[in-house]
Amino acid sequence: MANTGYSILETFVGAGGSHLGFMMENYRTVYVNDFVDECLETLKYNNENLIEEGAIFDDTPIEKLNPVTIRQKTNMDVGELDVMFGGVVCKGFSLAGDRSPNDPRNTLYRRQLDLVKEFMPKISIVENVPGIINAKILSNDVPLEIKKDVDELWGKLARYKGEKANLRKQNRLTEDFENLGNSLKKQKKHLLQKLEKSGYLISVLEDLKRIYSTIGYRVQHKVLNSAWYGAATKRERVIIVATRNDIDIKFHYPQPQYMDSKIMKKGMEKYIGLPNPRTVNDALNTIDYEGMNSEENDADNIPMKHKDKTVRRFRFIPEGDSIANHINELPDDLKISKFYSRGSTMRLAGNEPSPTLVPGHSNFPVHPRKDRSITVREAATITGFPLNYKFFGSHSKRCEHVGNAVPPALAQAIAKECTIFLDKYYKK
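Heads up, the sequence shown is in the UniProt record's numbering, so the first residue is 1 and it goes up one at a time.
Please keep in mind that the hints were generated in silico from the structure rather than gathered at the bench.
Each hint should be verified, as a subset may be incorrect.
As the list claims (entries may be wrong) - Straight-line distance between alpha carbons at most 30 Å, and here's what the computed DSSO-like set of lysine-lysine pairs gives:
| id | residue 1 | residue 2 |
| --- | --- | --- |
| 1 | Lys370 | Lys309 |
| 2 | Lys222 | Lys265 |
| 3 | Lys117 | Lys73 |
| 4 | Lys370 | Lys234 |
| 5 | Lys164 | Lys148 |
| 6 | Lys136 | Lys197 |
| 7 | Lys307 | Lys370 |
| 8 | Lys147 | Lys136 |
Could you put together the complete structure from these sequences and hints?
Here it is, written out as structure tokens:
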């Protein structure tokens, strides 16, 4: 059945976590964009309402979009669209790994704002990782030779990281190689200081606010924890909300509905009486392992086939702990470096919300009680996807799609506040 409520346009829609949240609040989709075909295939298969609503599906990379053409295709007047939501690609802002200030993905938010300028929606939302708050990128006036220096150094850092991973697996790390890494880190620190001193680094958040202001929007941002709203994961996201200057209504962020001391931030003591957050066990207990979600019936719930040594290592990890804390307990033939990927060496705590589920085929954490990584289905259920939600693509890609998704419970909480805002607008 088609949704008939307020209109929404989504970019970087992914597997549809944000879409599900707004759909639960009856939003009507006019256009969805993601350059990954499997994401759009996943979205179409699981959301028949999109076809009924006549939504436009577009796999064009956002940097190649023509905002005028898109608005004409949607047959919308300037200012008619109610909400634009974009989970802008965040690899360049992520705190995982070395962030290059010249990463081309860092400026995709400007293409998002080109769409905002053309459509002039009543509410524009950009969702991202908390790292965007402190992220800095190169300004437009940086000399070409400095950009080349940045690209060259970050290229060396990336290659070093790959070589180090291979040498670690072979137990061939040397002191000279470690010294090379320290030298590259010093070069990086020196170059960043030079860029900062020269005024060539600009704040992503301030740049975003500046552009919004030029277009005609008021902007606010806040870090929200998905577990506050019913997700079984405590994933944090920055939600940047811009409302048009001509609309004299304040947008309010959703109030937490769940709380305990482990997910509470300073100044939030008033919420401590709320129900406890949903846990990993709560999510896993909803999965029908014998029926619809059995291995025979659910391709997304087929466990990975780990090597025997990997399974034996898993047995040494207590629930809610990491193998890095138990390296000395391992038999000699199982010993590995303490520096090991977080996901494959962490066992989830069943009685707590999960940490952020890092995407990637080998990076999902270990099941609370079984000696294997959690499945795509288990990760999706923890995130908040329905049990019958089918994902498309290779196993690795499906893991990425779940790991990158906005938890639907968080999206729904935001959608409810958008509805309150828009109800006031139309009543006026």
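Subject >> Hint check against the structure, violated hint numbers in rising order >> reply: none
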